[in-house]
Every structure is written in C-alpha cells, then in structure tokens.
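Student: Take the sequences, apply the hints, and build the full model.
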Amino acid sequence: MIILLVSFAGLGIDIGFSLKPYMIFLFMFTVFYLFRMVFVKLQPFEVAMLGFYFIYCFSGIFALYASSSIRIIIGIGLYLVCYFLMRAILTSTTIPKLEWSLFVVGVLFNGISLGLYIVGLLVIGTDVPTDRLVSYGVMMDRGYPRLIGVVDDPNFYVFYNTLFFALYMTMWQTRKGKIALLVCVFTSVLTFSRGGLLALLILLLVFVVTHKSLKKIKMVLSLLLGAIALHWISISYLSINLYEILFARMVDFTSDGGSNRFMLWERAVEFITMNHWLGLGPYNFSSYNDFHYGDRLSVHNTFLDIAADAGLIGLFVYVSFLLIVIYQLYQSRLYQTKPYLAFALFGFILQTISLSIIINDMFFLYLAIVAIYLERFRKPTSIERGASIETGLVFNR
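In my numbering, the protein residues as written are 1 to 397.
Hint data in this document are derived by calculation from the structure and do not stem from the laboratory.
Errors might be hidden in some of the hints.
[As the list claims (entries may be wrong)] In silico DSS-like cross-links for lysine-lysine, where the CA-CA straight-line distance does not exceed 27 angstroms: (1) LYS176 to LYS212; (2) LYS218 to LYS176; (3) LYS178 to LYS218; (4) LYS178 to LYS97; (5) LYS97 to LYS176; (6) LYS97 to LYS41; (7) LYS178 to LYS215; (8) LYS215 to LYS176; (9) LYS178 to LYS212.
Tutor: Right, dumping it as structure tokens:
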C-alpha cells in the first residue's frame, strides 16, 4: 500500500480531483476484509484534525464559487476515508516491519525518480528554452532541468521526500543509512526547490547541533565528502553543474519574489479582510484571484490559504491540530525514541510556508504512522481518553 501511495504518487484518474492507485487498493482491501473491521478510539490529534476539516468544509456555506468548494469537499471526504483505511491496514503490522517498509519504499521512490530524470534528460537534453516542458522525470522550468520523478511538481517532490530524509538522517551511522541519505539528498537537490531545500537544510542543521561533539565532526565530514561526490557525479554523468544552478536559483529569488509568492501572500491578506472570521469558502482563493487579478495561482502558503478560505477560525483550529500533534510527540517521548517523526513534522511545517497543502497523501501517511506509534508505545492518559471518540477503524487478524 505504501509503495502504491509513494511510488505512483503522480498517477491518478481525474474526476475533479485525482483518484490514485493506493485509494483503489484501499477500497478493494476493505471489500475483502469488511467483516473483520472493528472500531477503535481516535487519538486527540485525529479529533482535532476532523474538527479542522469540518470547519473548513462548513465555510463552504458562504462560498461564492460553490463548484470549487464542492470539489474540494468531496476530495476531503475521500482522503479522510482513505486515511482511516490506511491507518487500519498499517495497524496490523509490526513497528520493525513498518520502519523497514518505509526505508525500502523511500529507496524505490528516489531510485525510480532518479532513473526517470536521467531518461528525461537523455530525451530532451539540458538546454531547452521551452518553459514547463515535462519529459519522464524532468521538468524544464525557466531553463532549469528540475527533477519531478514520480510526482508532478518538483516542490512537492521534496515534500514527499521529507519523511524519508528524516528517517535516513537518523540512520546515518549505518552503511545503508548513509547510502540512502546520499541518494535522497541528491534527488532533492535536483529539484532545485528553494523552499524545500531550505527546509531540509534547516532540519540537517538542527540534527547536527543536537548530536554529540564527536558525532558532529563525523557527520560534517561525511556531508562534505557527499557534497563533493554529488557535484562530481552531476557534472560527469548528467552534464549538470549543481552549484551553478543552485546559485542561479538563489539570484533569481531577488527578481522573481520567490516565484511571485510575496505578491500572492499580499493578495491572500487582502482577501482575508473580506470575511476574516469564516473566509471565502473552501478552495475559493484561486477563483477570487482569477476574478480580481486574472490568474488562478494558489497562495503557496498553507496558513494564509486556510485563513483566506476558512477564516481565522479555521486557521486557529488548524494550528491547534498541529500543536496537539507536537504535544503528543513530546508527551509520549517519541521525539526521543523515534526522532525521525519529530524531524519529519518540523520539515512538513517548514514547507507549508511556501506550499498550499490542504490535503496530501504523504502527510496523511505520516499522521497514520504517528497514530500507530502512539498506540503501541504508550497508554492514553485520562485527558486523552476523554478527548477520544470511537470512530477509528482497524482490521482484526
């Protein structure tokens, strides 16, 4: 199931939103094991998550562009159903098997994506003036050969890779962890995603700072050698100067305003003032943006996107949901015993500053994994028992 979710992330049937292979698998699995399904209590963060999506969908009552709202509401319903089915399936496995599956799927995700990128470069080359030209795993964007791999956007590729990056980073002392981390970093760099790479760099710095002095020296040396190796590989085999392109991307930031993100954020603030409590309605920012400014670009900031669509009430519930996830990771000590979960969440949150992510497969997978760890590694407190409701699902063995 995880292989279908990650390795075929870019595939889907367009029915107003994307119906993906892993969703079809989940529904087929449920049909075969329907009579072995039982209800379990939700984690507090799951209750908060449902509360957020209820508020977000409720704001659709006031939406001017109802068709856009209906489409995203149906999509949210589908994704939530898939989340609980995914959680139920993963509950039946052991923690070691789950972690090994994540490791293997991450290697496949990056390996297949790198292979598609190389094939794409062989087909179209590296000097193509056409903008947004896609060939296999590469997208030519303003002259830059950006890796998209098995997804359809280089910025979202880094978002998908964040969980694997965090896992491999905490396994760097092992040989397989070093190799997997090197490949993960290489594919992420090839996306030339400024926001995504900045988030990964911050994660790496935090990880280095929180380690013991001797381990810090070893890791810094390993990273320097890895950076030199990646640069040599990119020039020798891909005819791409990584550091030259990265520098050019940084220079572009001063002229393009972060791909017009600053301009879009200003528009979002303007639209928030139209209905600051309940917002414009689900997925209505793009339609308002098209009407007022002639383009259908999204906000490229999850917090501003939610504030514009669901108002300050929706934003408050969303932030509360994230804080509850953080609190549960802290209270359960998972941030110490399984640090990759904390690093991954931090990376996801950093990237939501430059991406609009209302529903996302990878984030739901992460939440399902967190829920499983919380169930296995600790007993709920009286406060959590009071906050839980019996609407989760598991499949009996």
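Student: Which constraints among the numbered hints does this structure fail? Numbers only, ascending.
Tutor: none
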